[in-house]
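Everything in the sequence shown is counted per this note's numbering, starting at 3 for the first residue and increasing by one.
Read the hints as simulated data drawn from the structure, not as lab findings.
Keep in mind that a hint or two might mislead.
Computed beta-carbon distance windows for the label pairs [unchecked claim]: (1) Leu157 with Gly41: 38 to 44 Å; (2) Thr43 with Lys19: 42 to 48 Å; (3) Arg129 with Asp7: 33 to 39 Å; (4) Ile125 with Thr167: 37 to 43 Å; (5) Pro104 with Ile125: 27 to 33 Å; (6) Asp163 with Gly35: 32 to 38 Å; (7) Lys19 with Asp178: 47 to 53 Å; (8) Arg129 with Gly39: 43 to 49 Å; (9) Asn38 with Ile60: 20 to 26 Å; (10) Gly39 with Ser71: 22 to 28 Å.
For clarity, every value in this text was computed on a predicted model and none was experimentally measured.
Here a beta-carbon is modelled for each residue, glycine too, at the ideal position from N, C-alpha and C.
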Amino acid sequence: MNVSDTYKYLGVVFNPKGMVSTPILETIQEGLGRLNGIGLTVYQKYIALREHLIPRLIYSLTYGKVSQSQIRQADQVVRLAVKDWMKLARDTPREFYYAPTPSGGLALMELEVRRKLIQNKRISALRESRDPIVQAIIAQDPLYVRPQKATVGGLLCKDKDTADTLYAKALWAKTDTCGLASTAQGHRNFMFMREGGKS
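Take these sequences, add in the hints, and give me the full structure.
This is the structure we're talking about:
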């Protein structure tokens, strides 16, 4: 095996030096490029992004080696793409992209926050493990199981449900989007995207 050779094991890419960084940003950019090039409606692009393209990254976020800067850039690229598709205002609140649909948001996954929540769940499982080997590793390197600080609107969140609540509250606290607090239509909030033509 050459120094430049790579191989995939359990969905994670390795080379002779160890785990290879997963190109999250490149994956998102390529996926968005495909969505933009096959003549889908705005609503179809949105659903494909939310239900297929972004969820495909969860495994890499959980088990792979991912650059924090790339995760932030990927989140930004997604927001810019959606803003362009839907012709949203330049000052559209960040929380609008991530708040649940019944709360008036688009229910997209914020990769930076979700990755930390996933890591914290794994860390919690390790701490509760009774395996003597796992316990020995933790005792030798306590920082290995130090939780990540996942925040939404400046507030700490411990799981997805808490994050969804914080996204909604932050969205409703904005002057331009406070009226969304009264919404209760869920997916019907986005019927306007289905009615339009291709974009």
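Status of the hints after comparison with the structure:
no. : hint                           : result
1   : Leu157 with Gly41: 38 to 44 Å  : 41 Å, holds
2   : Thr43 with Lys19: 42 to 48 Å   : 45 Å, holds
3   : Arg129 with Asp7: 33 to 39 Å   : 36 Å, holds
4   : Ile125 with Thr167: 37 to 43 Å : 22 Å, violated
5   : Pro104 with Ile125: 27 to 33 Å : 30 Å, holds
6   : Asp163 with Gly35: 32 to 38 Å  : 33 Å, holds
7   : Lys19 with Asp178: 47 to 53 Å  : 49 Å, holds
8   : Arg129 with Gly39: 43 to 49 Å  : 46 Å, holds
9   : Asn38 with Ile60: 20 to 26 Å   : 23 Å, holds
10  : Gly39 with Ser71: 22 to 28 Å   : 27 Å, holds
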